[in-house]
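Undergrad: Residue numbers (numbering that gives the first Met the number 0), protein chains in the order written: chain A, 0 to 326; chain B, 0 to 305.
No wet-lab data here; the hints were simulated from the structure.
Be aware that a few hints might be false.
With a Cα cut of at most 25 Å, we get these calculated DMTMM-like pairs of lysine to aspartate or glutamate [as the list claims (entries may be wrong)]: (1) A:K71 with A:E203; (2) A:K165 with B:E271; (3) A:K35 with B:E178; (4) A:K35 with B:D250.
Remember, it's a predicted structure, so these values are computed and weren't measured experimentally.
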Amino acid sequence: MASTTVPQSGSSGGPAQVPLDLSGKRNRDLSEQLVKWFLLGCSLLTVATTIGIIGILLYESFEFFRHVSIWKFLTGTTWTALSRGDQQQFGVLPLVTGTLTTAFISALISIPLGLSAAIYLSEYAGARARSILKPVLELLAGVPTIVYGFFALTYITPVLLKPWLKVGAFNGLSAGIAIGIMTLPMVASLSEDALRAVPRSLREAAYGLGATKFETSVRVVVPAAISGIIASFILAISRAVGETMIVAVAAGGSPAGQTAVSKGLFDFTQSMQTMTGFIAYTFSSDVARGSSQFYSLFGVGLLLFVMTFLMNVVSQWVARRYREVYE
Amino acid sequence: MSAGSHVSTIAATSASESTRYEPRVTSRGRIAHVWRGLFFAATALAIVLLGMLLWSVVGPGWNWLSWHLITAMPSRIPAQAGMNSAIWGSIWIVSISAIFAFIVGLGCAIYLEEYAPQNRWTDFIQTNISNLAGVPSIVYGLLGLVIFVDWLGMGRSVIAGALTMGLLILPVVVISSREAIRAVPLSLRQASYGLGATKWQTVRSHVLPSAFPGILTGIILSMSRAIGETAPLIVVGGASQVLFRPTSIFDPFMVMPLQIYNWTSRPQKDFEHLAAAAIIVLMVILLLFNSVAILLRQHYSKKTRW
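Okay, chain B solo, but in the shape it has when bound (with noise of 0.2 Å):
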């Protein structure tokens, strides 16, 4: 094809089609009005199946719901089962990975915000933690297996799970630090080297104070991602059913999303209806979980003004 050839089609076409344009407002403007409504009606799904879910939790876990069902221990007969190994399990995880993830995710957001140099090593390990959050959380489980429960021989325990679970959690964290701490101005650094302080006293003294707000609400964020997670605990703590609470970090363990799946995958209509119970208990610990969050960010986002 010549390029002359395809010019005198484009001018062409534009001639016949400006000698026949039709403004055609009405049809356009009705499939706009249309489209409108599609969109809005998908948006509004979002309610509906939201409602559906809750509907479905609610509707056959609310006659279950007892003090019974979170003091007791699991037991074979549904009447008499609880989840308080479940609960207690899921503290001692998640504080504790909680506590890892805090330490090295802000570590580690420390300092590529404001140690690392403006390198090709820095730009990796960048890469590689967006690349981490986007690993399956089972693929942790296997890591937690071998390297924590076998190689360092922590079997089956609180510790080798809430290692799993901070590794897991560790990118949310170190992302979200990452953010708070790039959100502190320049000139509150400036300032501070001002005066003769160094840099670990400038991130120490100010930068942190500053950026707090942030990475803890990053923090609970991640912990409450760390409470609803249950694939990589099924690989390194096993599903089987533990009947006391933990009491030192190489105990056994049972977490409440595991108790869930092991409830929801026996035959009796009893269990699943206990499993939808304590799906609510776990539901509200995530909203608490959440609504203080959302008030810390509230609560500090109207009281600092740069």
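If we strip away everything but chain A, and leave its shape as in the complex, we get (with noise of 0.2 Å):
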């Protein structure tokens, strides 16, 4: 700890000329440097965290290949690894398509909704209608994925597509509907944050060349933040491939739902399993370690956060790129 120094010289001998004597420097500089490297090492474990997810995918996932080859693993288009035996086959495709599927139906959703509710928010809305729509989408943003799989099992399908839709009680299309609301707030938000850093010279050198309102938001505010737009579209889609708990409970990935893997790849109206819901369907289940199952896992990980790696830097690298530098 570096306390304040405790004054020597003044207490022993008589009237001392210097009281306080402040140069306490070796100790201070000890705890000084013992503190700086705390707070290293608290940074070091980030980046050991990061090293830890790559090494351990690559760890196991490693042992799964050596039974596996990569590229039956990634072309076949039978995924039955919860069988027995001969039965097993691990070709990744259809937990590919099914989180494709489920991450295009929930971008339908998202970007459209959340990019017209930024519009909405950075240029047409009042200090009392922000008010309450800012709030709202906060709170949507908020609620645990689990809660919003139960929305999509039990509101979605029976109430909502039931009646237009011949859809299992398990479906793809339930699920990414509710990834898409779940997404929508991050849309919003990241998209209004790019909105209002465009500055307000922009929109009036268009209003002055006599253009509408909404032409000046979609001609000229938006372009000009479209890095920021992109973005944020990128990210929720990220999101969406690695959201786990909505397809496992509505999609077909739940205990209570079929583990084999729908016959269509894209049929979102029926039960589909997603690299995540297979994932936390297999723990739910209580899989043998050291099964080619267990390992199997791993694989899908790997390819899982390989997938959603490359959307992150890309939409980072697409924020950065294409921004329009205003002073």
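Take the two lone chains and join them into the complex the hints point to.
TA: Written out as structure tokens, the structure reads:
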């Protein structure tokens, strides 16, 4: 601890000229150094976490890829990891298409609605409308994903979809819609930040040329903020790809759902297993350690990590690369 | 294509357009009006969706809300089942993970804001943290399973779950703490240095107290994230029922969202209603956490002026 230094000289001898000794330098330097090393250690722990994640995924899936060739894993169209013996096939494509389908459906909801909400909040809304709409979006963003899963299973599927479509009790569509609602606030708030960063002078120049508010927003402000907006889209899709609980509950990864993956790779009206859904389902049904099924989890996890990581990197790159810089 | 022809086509089109230019003020005004309505509708849809979401939970769950739900242990019979072990498990997991994330996250934030030299290594740490924030939560579960459960021999215990959760919320804590520390004006630090304080003395006695409300808000928000997070704990803890509350950090655990998942995935309708009631409890707790965070923010933003 770097405490205040105790005066040594003043207390022993007679009337000392300097009653306070401020030079407890050694002691101070040492504790300063210790604190610094501790803080550095904390920062290094975050790096260690990344190394840990990548290392674990590589290490455990290495075991998996000794049994199953990477090529078969990436191109196979049958995923029956939960079967026994010879029935077991590890073609990850059904899981990937399941993931991409739900992510795509979610993007159809979150991108148009999120961007519209961002434009409204940044360009149109008055103080009163904002004070109502912003908290609503924040609330939506704060709802735990398991609740969205419940919502998709018990409301979206039976109440919103059943009357119109022939859907199963578990289906990719309802999960995709729920993920879309979940990622909507993220698109809205990140895009709104980007729109608000566009300087006022640009809008005024457009008005000065006789543009309407709509034309100004869509042809001037949105293009000026496009890098931030696209970055928010990619982030939302990345989040959708990594989302677990909604698909585990509503898309058919749940124990009450089917374990077999439906025939059609993109058939979102029936139960669908995604990469995350498979991992969650397998663990909730107690998997035997050391089985190839166990190691397959890490192969899927690695693929999931690589996909989301690439999307996040692209998102950051877009945000930086195409940003219009204003003084 | 030559440059000359290009220029001439532009000139030609602009000439023909300028002769035919019509302001079309009314129709453009109408379009603008319609779109204004569409933008508003899209935003207002969020309210509708939130309403539907709440209704889908409160509708079936309201009648199942009871004191019994909070005090009883899980059971195979819906009428007797409760979420007591899950509530206690959540308290254990969330508090330990928050303490862990607070110490490490704040340390990391202080290092990056106050100590780190401006070089590639620091840039790397920063990029790494924002990338960690984007890693799917279930991948953290895989990390926790191998490192904490297996290698460190913690088993499917509270501590393994809490440390996994701590790593998961770490980026959030670092990012919010950094923002809070950055908001402290430089003059405060310089005044402290001017009086002969060392770096750590300055940070501890001046920067941190000033940044504390912001740091606390970040911690509380990250705790509310941890309360609702399910996926990594399925991997680390398994989804099997736990019929007692944890008494030490090495006990198995059940948390509220996992209990909800467990009940939701059963075929009986009654368990679905029970899950809805449990969601109400979870959401009320979350709302409390968020209100505290908002109140803190408002209270201190009024008080502090630089």
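Undergrad: Against each hint, give a clear statement of whether it holds in the structure.
TA: To see whether the hints hold, each was checked on the structure:
no. : hint               : in the structure
1   : A:K71 with A:E203  : violated (58 Å)
2   : A:K165 with B:E271 : holds (23 Å)
3   : A:K35 with B:E178  : holds (20 Å)
4   : A:K35 with B:D250  : violated (35 Å)
Violated hints, in rising order: 1 and 4; the structure is consistent with all others.
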